[in-house]
Amino acid sequence: MFQLLIQNRLSFMKKIVRHYSSVIVIIAILFIWQWSSKLLSIPKWLLPAPTDILNEAVNGWNTYTHHLVSTTYLSIGGFVIGVSVGLLVAVILHLLPIVRQAVYPLLILSQNIPIIVLAPLLVIWFGFGVLPKLIIITLVCFFPIVVATLDGFRQTSPELLHYMQMAGATKGQLFRKLEFPHALPAIFSGVKIAATYSVMGAVISEWLGANKGIGVYMTLAQSSFRTDRVFVAIGFIMVLCLIFFAIILTLEKVLLKGRMHTNG
Amino acid sequence: MGELVATNITKSFDSKKILDRLFFTVKEGEFVTILGPSGSGKSTLFHLIGGMLQPDDGTFTLNQEEITGRRGAISYTPQSPSLLPWRTVLKNVVLGSEIKGEVDFNQAKHMLEKAGLSGYEDAYPHQLSGGMRQRVAFVRALLSPQDFICLDEPFSALDEFTRLEMQQWLLKIWEEHRKSILFVTHNIEEALYLSDRILILSKKPATIVEEYTLPFARPRDQDLFLTDEFLQWKREIYQALQGNLN
Ligand SMILES: Nc1ncnc2c1ncn2[C@@H]1O[C@H](COP(=O)(O)OP(=O)(O)OP(=O)(O)O)[C@@H](O)[C@H]1O
Ligand SMILES: [Mg+2]
Chain A
1 MFQLLIQNRL SFMKKIVRHY SSVIVIIAIL FIWQWSSKLL SIPKWLLPAP TDILNEAVNG
61 WNTYTHHLVS TTYLSIGGFV IGVSVGLLVA VILHLLPIVR QAVYPLLILS QNIPIIVLAP
121 LLVIWFGFGV LPKLIIITLV CFFPIVVATL DGFRQTSPEL LHYMQMAGAT KGQLFRKLEF
181 PHALPAIFSG VKIAATYSVM GAVISEWLGA NKGIGVYMTL AQSSFRTDRV FVAIGFIMVL
241 CLIFFAIILT LEKVLLKGRM HTNG
Chain B
1001 MGELVATNIT KSFDSKKILD RLFFTVKEGE FVTILGPSGS GKSTLFHLIG GMLQPDDGTF
1061 TLNQEEITGR RGAISYTPQS PSLLPWRTVL KNVVLGSEIK GEVDFNQAKH MLEKAGLSGY
1121 EDAYPHQLSG GMRQRVAFVR ALLSPQDFIC LDEPFSALDE FTRLEMQQWL LKIWEEHRKS
1181 ILFVTHNIEE ALYLSDRILI LSKKPATIVE EYTLPFARPR DQDLFLTDEF LQWKREIYQA
1241 LQGNLN
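Those sequence lines, one after another, are chains A and B.
The opening position of the first sequence corresponds to residue 1 in the working numbering, with each subsequent residue numbered one higher.
The opening position of the second sequence corresponds to residue 1001 in the working numbering, with each subsequent residue numbered one higher.
One chain only, chain B, in its complex shape (with noise of 0.2 Å):
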């Protein structure tokens, strides 16, 4: 189980609202992306979902239970992998269920040799390339207790054919569990790649101004980013941008 909805959420910082009345609900094993400008407020949502900050009004349900405020309902992968140094990878991946109470290694040795990073299990995190700290990252999110998980622009420090590779990576390990999704990003294709919705955000105050039901099967594959058809759905996210950024 892993549905969100937000209600009405609204925020502001010293009096400049950041984020107007959102409205949106991730359905069980969804992957929902919002899509918006830089500084449009997408981590502060998320701050919001994860309890580190309060919203102003509106409330989050997780399940029909209210989680308005409270911490450790959702797992979270922040922008920067934020990995313990200390720790070695198998000890970093199960940190979030560590925190919750009950670990299993051998569950986390299965998903890391799953997740292309056998032989890694001991390794530091200063040992590994961006990308794969990013994988396990993600790992760790996976192996986290709740249900529900938040990404908040995974990808972003990451060049261009590491991103194509991480992209489908995490395609083909979601497409396994089906936890819900949501996935904050700036760039189109990724959105449209990954998602089964997409929101977009307006600029400030960002409300979400359009939604989208993306019709691509699954599993997808790479070939999917030349097909006309995604490359009109291309096309038709890039003008709803520019249209609300003007």
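Isolated chain A (complex conformation) (with noise of 0.2 Å):
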């Protein structure tokens, strides 16, 4: 009985440890970090410790919320152009064969060339405003989303593209009824690259030239030396990809709801 007892305490721990043990990772990493900067009296130009950041974080709100609301607006902007030149691109180039062929190896190569290059180039071009950093995000976003859609449609079940042939269906239906929700998770795939991409791509863009953002906030406070703004920063440009992405994850599974990884 008393064993018993015992054993389901165990397992019990056991199912929090293996959910929370990432939580329980992070959190034991703050510790460290925040016992060791005080023990060993690290200046706080050089690392500051966990709660001057989350001092700073809460203090400073009315020194950054600008430049927060900016960059989450950027991004978002980016992203969305991104991803809808990236789909119609995807599309244009499944419904065309010929041009694919052509243009499917060079966006492949084009992938291993860091867009974030070219960015000095659009800057030169398209001067400091909105456009040249909408560009980059667009670009950035826009690879993975073609790639993993042309993906998505090329991997279309033969059993059911024959069925739907044989059934008489026109060109347009296939596409509609077929193809495109075949493609779906693959391009959910795409989808969450560039999200995390257009935040990655609006803070970069800022930082080449701008008066308000993310990227704008952490220039200034990297040459003053607030080492604890840059690590707000870094905070706050990691919860925004995170809600981008469970924002992401959630329509997801509202869209491929009951859908197996399989075919069936």
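Please note that the accuracy of each hint is not assured.
Calculated cross-link-like contacts (lysine-lysine; reagent style DSSO-like; alpha-carbon spacing at most 27 Å) [to be verified]:
{"hint": "1", "chain 1": "A", "residue 1": "Lys-253", "chain 2": "B", "residue 2": "Lys-1091"}
{"hint": "2", "chain 1": "B", "residue 1": "Lys-1100", "chain 2": "A", "residue 2": "Lys-177"}
{"hint": "3", "chain 1": "B", "residue 1": "Lys-1109", "chain 2": "A", "residue 2": "Lys-257"}
By construction, these hints were calculated from the structure, which means they are not laboratory data.
Put the complex together from the two separate chains, hints included.
This is the structure we're talking about:
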């Protein structure tokens, strides 16, 4: 009886540990960080303690909210444009196989070039306004979407395609009723990558020249050795990415409801 | 209406002749089975009827109208059920009619109920057994507006028990609707139990070597399997198959 109780307790603990293990790791790291920075008295400009960062995050709220809002809008705008353009291009390439044959290898090749290196050029051409920033984010979001979507279309089950054709489906029906829904999981994996890229793209585009945004806040903090603020910025970038990710995950769950990962 | 006439159908792949001058007719409301060895070209014949392939020679007419090379003229169930995994059972069975235009969900629900699938309208294909998936595929074929159905070995992937159950189920549903069916199998008993007529296909290049009209009355049930008459027919067909294979 007693043993059973212990066993129950143990398995319960195990469940908690398994489920929350990553949270526990993060908390442990934060504790070690906190203690070591106090014990070794590391200067605040080199590595601020987590409590210092939290303090700045709470008290400095007014100094950075407008940066935060600006970056959020910028990433969302760039993300929406990038995903739309990416989807559009993928659909066009899919429906025009001749064009796809010519363009697809170039797309794959261009994926190996970090798009960010084009940023200085865009600044030269379009200045420091919103436009070059949106172009950068659009570019970084665009490729994962196009490649994932085209892959999704290409993997359409030949059996299902065969059935639909025998049933007399038109090209449009094939696309709407078979190829597009079939590609949705692949599209979502592209969208997830694009979401995190969009935040990164926004921050980097702000580094190159802007008057507000988390990127600007970071550059200012860095040049005045406000390391705590740099960490606050990093924290918010992470939170922003996670929120985007969570929204897309929820959307995916709703849209792909009832679907198995295999075909049946 | 659903009368299919195949005239002089010939098809080669890469100069290898697969089908050689096939002539046959499936009359309105008739259940005709094509019995032939594996690889003889049965699926190819369906792809020709369905317009996925163009015959080298010959024509198909449905109700006196030529349909050679035209898609969507017949309703078809491939060797695998081919249900869309992201659609529920109800949404899957209306697919054929959706492609052709009108969807009647009430009729679909009614049919699912009759097919013993009530309660599964909102289930997804992966939640069903293999036999149930085949039923769904067949209900989809019945609900399609075309009045001619082609079934390509629908039960070949099922175990013996499920297969018997499905054959009986198919007969029951079909006897109510009487759409013309062209059925393909390489199982002699299945052919005898289900059909009005059996066409026997030879080995490569395939041509129709024999035709049998079966005398068994409808509605049929599984007792038929054990009658002397059935066994005699089975022997005859078996010998016919053996004869043209050797
Ligand atoms: N698209 C194609 N190109 C070339 N050869 C083909 C093609 N489709 C089928 N064949 C050949 O035609 C022959 C008949 O194939 P088919 O699939 O029609 O046979 P089947 O009678 O349906 O066989 P099973 O009973 O195994 O389903 C085979 O030898 C196959 O290799
Ligand atoms: Mg076949």
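Hints and how they fare:
1. Lys-253/A x Lys-1091/B: With a Cα-Cα distance of about 19 Å, the restraint between Lys-253/A and Lys-1091/B holds, given a limit of 27 Å.
2. Lys-1100/B x Lys-177/A: Satisfied, since the Cα-Cα distance of roughly 13 Å is no more than 27 Å.
3. Lys-1109/B x Lys-257/A: Holds, because 22 Å separates the two Cα atoms, which is no more than 27 Å.
When each numbered hint is compared with the structure, no violation occurs for any of them.
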